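Asks: Produce the complete structure using the sequences and hints provided.
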Amino acid sequence: TQLLEQSPQFLSIQEGENLTVYCNSSSVFSSLQWYRQEPGEGPVLLVTVVTGGEVKKLKRLTFQFGDARKDSSLHITAAQPGDTGLYLCAGDTDTGNQFYFGTGTSLTVIP
Amino acid sequence: NAGVTQTPKFQVLKTGQSMTLQCAQDMNHEYMSWYRQDPGMGLRLIHYSVGAGITDQGEVPNGYNVSRSTTEDFPLRLLSAAPSQTSVYFCATAGTGWGDTEAFFGQGTRLTVV
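Those sequence lines, one after another, are chains A and B. In this text, residue positions in the first sequence follow this note's numbering: the first is 1, and each later residue adds one. In this text, residue positions in the second sequence follow this note's numbering: the first is 1001, and each later residue adds one.
These are computed hints drawn from the structure, not numbers from a lab. Predicted model only: the values in this text are computed from it and were never measured. One should not assume that every hint holds.
Simulated restraints, written as ranges between beta carbons of each label pair [said to hold, decoys possible]:
| id | chain 1 | residue 1 | chain 2 | residue 2 | range |
| --- | --- | --- | --- | --- | --- |
| 1 | A | T20 | B | T1070 | 35 to 45 Å |
| 2 | A | R60 | B | S1067 | 41 to 51 Å |
| 3 | B | G1040 | A | I13 | 15 to 25 Å |
| 4 | B | E1030 | A | S26 | 23 to 33 Å |
| 5 | B | I1054 | A | S30 | 15 to 25 Å |
| 6 | B | G1095 | A | G40 | 20 to 30 Å |
| 7 | B | E1030 | A | G40 | 23 to 33 Å |
| 8 | B | N1065 | A | I13 | 37 to 47 Å |
Partner residues are not named here, just some residues of chain A that face chain B (Cβ under 7 Å, in silico) [unchecked claim]:
| id | residue |
| --- | --- |
| 9 | F10 |
| 10 | G42 |
| 11 | L45 |
| 12 | T103 |
| 13 | G104 |
Beta carbons are placed, not taken as given, at the ideal position from N, Cα and C, and that holds for glycine.
Replies: Following this line, the structure appears as structure tokens:
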């Protein structure tokens, strides 16, 4: 059983559409990060959220950490083909020594 | 600027063989870790280290050994390879714990056990 469940697992949309990816858990996290991974590469950090209810914006990407610090969402506005990739959430439950990753969402943006 | 270097990039093993996956970093990071990535399961933590001489188990440690004799290197050993260990392996480092710092990943090692 994964500590962090992401939905949807796969997403294929047209360029210009909006989308939201969800990351859910029954556990409380001290902080949560979102990564993006391209084929043949390691994940690259997009953002870290640490406060319940926190919202961070990175250009067309909006990240939200749930009030109870058990869930998070990633919203992309006007998706572009360059947004294509695997999106992973990752959370730190307590000590900061074990970082758990979500199941991943594979996004394809069609031109 | 090498960052995190993993070798080899690809490897095919026969069941029962042993091998070592290498991970080296030049960022003077205290924290290093090994993950495996399987389709639909994200990344799962195998072992991690918070500094030279200190290692601990993650979610899926069985069948793997690690050691941390220097800050720079964190090798992962497969003792007796099994088909279930077919996966893509990633090494990741961070300055301290991950809570408020960025983690850096290597490019991965794709391992096939036949």
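Asks: Confirm or reject each hint.
Replies: Outcome of the hint check:
{"no.": "1", "hint": "T20/A with T1070/B: 35 to 45 Å", "result": "holds, 44 Å"}
{"no.": "2", "hint": "R60/A with S1067/B: 41 to 51 Å", "result": "holds, 44 Å"}
{"no.": "3", "hint": "G1040/B with I13/A: 15 to 25 Å", "result": "holds, 20 Å"}
{"no.": "4", "hint": "E1030/B with S26/A: 23 to 33 Å", "result": "holds, 30 Å"}
{"no.": "5", "hint": "I1054/B with S30/A: 15 to 25 Å", "result": "holds, 21 Å"}
{"no.": "6", "hint": "G1095/B with G40/A: 20 to 30 Å", "result": "holds, 26 Å"}
{"no.": "7", "hint": "E1030/B with G40/A: 23 to 33 Å", "result": "holds, 28 Å"}
{"no.": "8", "hint": "N1065/B with I13/A: 37 to 47 Å", "result": "holds, 43 Å"}
{"no.": "9", "hint": "F10", "result": "violated, 10 Å"}
{"no.": "10", "hint": "G42", "result": "holds, 3 Å"}
{"no.": "11", "hint": "L45", "result": "holds, 5 Å"}
{"no.": "12", "hint": "T103", "result": "holds, 5 Å"}
{"no.": "13", "hint": "G104", "result": "holds, 5 Å"}
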